[in-house]
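Numbering-wise, the numbering used here puts 145 at position 145 of the sequence shown, and it's gapless, one number per residue.
These aren't lab readings, by the way, just hints derived from the structure by calculation.
Heads up, some of the hints might be wrong.
[Stated by the list, open to error] Restraint ranges, calculated between C-beta atoms of paired labels, are given here:
#1 P11 x E129: 36 to 46 Å
#2 T123 x L13: 13 to 23 Å
#3 N26 x A128: 11 to 21 Å
#4 L13 x E129: 33 to 43 Å
#5 E129 x T37: 18 to 28 Å
#6 R83 x T104: 21 to 31 Å
#7 R120 x Y38: 10 to 20 Å
#8 T105 x L13: 35 to 45 Å
#9 A12 x A113: 36 to 46 Å
#10 S117 x P11: 22 to 32 Å
Fair warning: this is a prediction, and the values are worked out from it, not measured in the lab.
Even for Gly, the Cβ is constructed at its ideal location relative to N, Cα and C.
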Amino acid sequence: MNGAQEPSTLPALPRKRVAAGALFLNAAGKLLLVNPTYKPPWEIPGGMVEADEAPLAACRREIQEEIGLTITPGMLLSVGYLRSYNNRGDSVRFIFWGGVLDTTTIDSIQLQASELSECRFVTIDEAAELVRPSLHAQLTQCLQNLAADPNGTMSNVHGPAVSGFNVYWEETDSEEA
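Using the sequences plus the hints, can you model the full thing?
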């Protein structure tokens, strides 16, 4: 025996909720936000990563489910950590580059009516009034990372290219993913 414990005898390890979303822009450089029907405030397209699902795969699935687009997101723009809020546990949020959407693609967006009431393109300043402060800060960092490395030159062996090396840590306990 190599000293490894059977999974059933391992101590319970902490678990984090994991979310994955995509940053989409229009030709004017405005961000796509969606308005969930089941919670405030506005979000980017995306959602929770399911068991045994990679964040990139979850992002692709959620984009198709929520806005009806079959798009494989590109480089990882940011990873954000959020401390526990309302006893829901802490979480990690991955934001991938969705790309610049042309008018034909924008016109083909079909919202998942059971989850989303509307979508709109907004400036980063307008987003500050619609999204949680932690998401606004992470989106701001995404835009900075994208501007600094638009081609995602840092490689990632298990997924898309990574834009820079930046992790956004939310150290307050006033929000949730």
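task = Given the hint of 33 to 43 Å, check if L13 and E129 actually sit that far apart at their C-beta atoms.
result = 39 Å, holds
inquiry  = Does the beta carbon distance between R120 and Y38 stay inside 10 to 20 Å, or does it fall outside?
reply    = Roughly 18 Å apart at Cβ, these two residues keep to the hinted range, so it holds.
request  = Note whether the CB distance of E129 and T37 lies within 18 to 28 Å or breaks it.
outcome  = 19 Å, holds
inquiry  = I want to verify a distance hint. Is the separation of the beta carbons of P11 and E129 within 36 to 46 Å?
reply    = 44 Å, holds
query = In this structure, is the beta-carbon distance linking T123 and L13 contained in 13 to 23 Å?
reply = Violated, since T123 and L13 (Cβ atoms, about 41 Å apart) do not stay within the stated range.
task = Given the hint of 36 to 46 Å, check if A12 and A113 actually sit that far apart at their C-beta atoms.
result = Once the Cβ atoms are compared, 39 Å apart, the range 36 to 46 Å for A113 and A12 holds.
task = Could you see if the CB distance from T105 to L13 stays within 35 to 45 Å?
result = 41 Å, holds
ask   = Between N26 and A128, does the beta-carbon spacing fit 11 to 21 Å?
value = The hint (11 to 21 Å, Cβ to Cβ) holds, given that N26 and A128 are roughly 18 Å apart.
request  = With 21 to 31 Å as the target window, see if R83 and T104 comply at their CB atoms.
outcome  = 41 Å, violated
Supplied distance hint 22 to 32 Å, evaluated on CB atoms of S117 and P11 = 43 Å, violated
Checked against the numbered hints above, the structure breaks hints 2, 6, 10 and satisfies the rest.
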